[in-house]
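**Student:** In the order they appear, the protein sequences are chains V and Y.
Be aware that the first sequence starts at 1, since it is given in full-length UniProt numbering, and climbs by one per residue.
Be aware that the second sequence starts at 1, since it is given in full-length UniProt numbering, and climbs by one per residue.
If you are wondering where the hints come from, they were derived from the structure by calculation, not from laboratory data.
Keep in mind that a hint or two might mislead.
Unchecked claim - Simulated restraints on C-beta separations:
#1 V:P117 - Y:A246: 57 to 67 angstroms
#2 Y:N260 - V:I109: 43 to 53 angstroms
#3 Y:L199 - V:R7: 53 to 63 angstroms
#4 Y:D84 - V:F190: 40 to 50 angstroms
#5 V:I5 - Y:I12: 33 to 43 angstroms
#6 Y:S182 - V:I109: 32 to 42 angstroms
#7 V:F190 - Y:P54: 36 to 46 angstroms
#8 Y:P245 - V:A130: 44 to 54 angstroms
#9 V:F140 - Y:R299: 55 to 65 angstroms
#10 Y:K31 - V:L251: 36 to 46 angstroms
#11 V:W129 - Y:N260: 39 to 49 angstroms
#12 Y:S48 - V:K187: 57 to 67 angstroms
Unchecked claim - Here are the simulated DSS-like cross-link-like pairs (lysine-lysine), alpha carbons at most 27 angstroms apart as the crow flies:
#13 Y:K197 - Y:K34
#14 V:K132 - Y:K72
#15 Y:K205 - V:K132
#16 V:K216 - Y:K34
#17 Y:K34 - V:K132
#18 V:K132 - V:K28
Here the structure is a predicted model, which means the values were calculated and not measured.
We put the CB at the ideal spot given by N, CA and C, even for glycine.
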Amino acid sequence: MLKFILRRTLLMIPQLILLSLIIFMLAKAMPGDAVTGAFMGNPDATPEQIEKIREKFGLNDPWYQQYGRWIGKAVKGDFGQSYTHQQPVTTLIAGRVENTVLLSLFTAIMIYLMAIPLGIIAGRWTDTWADKMIVTYNYFAFATPLFVFALLMLFLFSFVLGWFPIGGTVDIRIETGTWDYVVSRAKHLFLPVMSAALIGTYATIQYLRNDIIDQKIKDYVKTARAKGVPEGKVYTRHILRNSLLPIAAFLGYEITGLIGGSIFIESIFSYQGLGQLFLQSINLRDFTVVTALVMIFGTATIVGTLLSDIILSIVDPRIRIE
Amino acid sequence: MKNPVLDEKQLIAQEKLNNPSFMRTIWREIKHDKMALGSLILLIIILSTAYLSPLFIDNAALTRVNFLNTWKPPSATNWLGTDDGGRDVFGQLMLGARNSFTIGIAVTVLAGLIGLTYGLISGFYGGAIDNVMMRILEFLMVLPTLMFIIVFVTIVPNYNVFTFILIMSAFYWFGKARLIRSRALQERELDYINASKTLGTPSWKIMFFEMFPNLSSLVIVNMTLSLAGNIGIETGLTFLGFGLPAGTPSLGTLISFARNPDIVQNKWWVWLPAALLILVMMLCINYVGQAVKRASDARQRLA
């Protein structure tokens, strides 16, 4: 067990190094560097002076030395300076990270809150009208592109019905720390979270339904029934214990999907998170921010996958291949 | 008197008649499922309207800017009104549907080819080669794909439709490769592959002319289902402004008007039809795709 976790964690290290190398190469391919950023539009800086500064910062060194310096700083959380915002990238990201974490967290919670009961109902009462409705809903969830759905939700609930604010993170007129602030936050969060969650249920429902249908005819369930276990308990005590465990493990994989989705959701609901910061920075050609964000999101995906693999191996020992 | 023993060629022909082709099975499955049949017909209507529309709509008029005619609501002359440059939205919708579908097909085919080749090689050789190729694939699969595509789209020089197709294909073959590889691993243990190897057939010939035909139904199913996904991703990227270049409008271009709150509310005719058209196309393609999937697996068939 411990051996598997250790081996799996060690496997993450080359992945992280490779990711940082690719991102470093991309950053080199992007136009402009730290110096062009800092001295952009400064008429007092002559090309000779800039060249001197480049030399001083080591921007003319061989790439592996530059990479070593960059990664050394990045590990300590220093991603350089953003030239459009004129502040350290780390400060900029720290101010936004909370919003994205909140959005993803609530989306994940909503997905599980909706998907688990629906999956169980569909699996337990197969081919009833409830099952058919859930399967139809799930088919829509699978086929609908996230950005189209989010846009239609925004149009319907914010513009036509006017139930929710049309975007943003919080009402700027409200003071932080008050109860009204929390309510306003919740109101701004509700629609983005629901848009992402209603569509995100697909994999969980599908998995749960199929797994329960498979488990239903297994011998241990027949034994339980033969012993006279009430039907409700057959599900809660026997089938669901087996079917729900892998669902817990998918949490890590879910992170990957939520990261991709946050770019669309945050852009459509003008929600001040990392996804929106990424799009703004790339439009402003602020590549120090872009590099840092890709690195952070990439690391989050790798760690999420690691988490899932480990949980899955605890839950299902068959996966622990040597 | 007729020869009681059919010769070999006739036997094979007889066998082929008894054993319906995959295409015939798909058709039977679709005919049996009313929703799938309806989806297919609706899809054909949408696509033929889109692809045949240049016969009725003057393309030059579509791109001509007319400032006297901007933001007109739907009317008899402009069925879906006009946009910020006074261009007909209905015409742009057809043009967009055409571009989005064509690019969706191109990406699906290209990504399918890359995934197929990678998966076949990995699965056919197995062992150490498979191990290395799978580690690489595992790494590629944990990359934040969408962000990488956006970065590539921004930094690639001479960005145009073809580079966009290449960039998208480069990031959407991972799942296919893994799928093909797992089936190829099973296939390589079978006798016909061993027989071919013994006879000295070159490996590439075994992979593409002997193994591949046996995996073709899997490939067709996967391509049908990923076609819808690819159209969704392309329109999504174009919506964000990182998809098709400005000269090639897609359905996402029309929807991207909706990034302005005033247009979302008061000029709905510009973006709403495109959003609904994407939705309808996705649902139809997926429904047909589900029928194709059932046809490929005898246990799931309805017909």
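**Student:** Now tell me if each hint is right for this structure.
**Tutor:** Structure-based check of all given hints:
1. V:P117 - Y:A246: 57 to 67 angstroms: 46 angstroms, violated
2. Y:N260 - V:I109: 43 to 53 angstroms: For Y:N260 and V:I109 the Cβ distance comes to about 32 angstroms; the hint is violated.
3. Y:L199 - V:R7: 53 to 63 angstroms: At 41 angstroms between Cβs, range violated.
4. Y:D84 - V:F190: 40 to 50 angstroms: 32 angstroms, violated
5. V:I5 - Y:I12: 33 to 43 angstroms: Taking Cβ atoms as reference, V:I5 and Y:I12 lie about 56 angstroms apart, which means the hint is violated.
6. Y:S182 - V:I109: 32 to 42 angstroms: Check passed, 33 angstroms falls within 32 to 42 angstroms.
7. V:F190 - Y:P54: 36 to 46 angstroms: Cβ of V:F190 to Cβ of Y:P54: about 45 angstroms, so the range 36 to 46 angstroms holds.
8. Y:P245 - V:A130: 44 to 54 angstroms: Distance hint for Y:P245, V:A130 holds at roughly 48 angstroms.
9. V:F140 - Y:R299: 55 to 65 angstroms: 25 angstroms, violated
10. Y:K31 - V:L251: 36 to 46 angstroms: 42 angstroms, holds
11. V:W129 - Y:N260: 39 to 49 angstroms: Holds: the Cβ-Cβ distance is about 43 angstroms, inside 39 to 49 angstroms.
12. Y:S48 - V:K187: 57 to 67 angstroms: For V:K187 against Y:S48, whose Cβ atoms are near 46 angstroms apart, the range 57 to 67 angstroms is violated.
13. Y:K197 - Y:K34: It is violated: about 46 angstroms lies between the C-alpha atoms, which goes past 27 angstroms.
14. V:K132 - Y:K72: Not OK: V:K132 and Y:K72 at ~43 angstroms, beyond 27 angstroms, violated.
15. Y:K205 - V:K132: It is violated: about 46 angstroms lies between the C-alpha atoms, which goes past 27 angstroms.
16. V:K216 - Y:K34: 30 angstroms, violated
17. Y:K34 - V:K132: This hinted pair holds, its Cα atoms lying about 16 angstroms apart.
18. V:K132 - V:K28: 53 angstroms, violated
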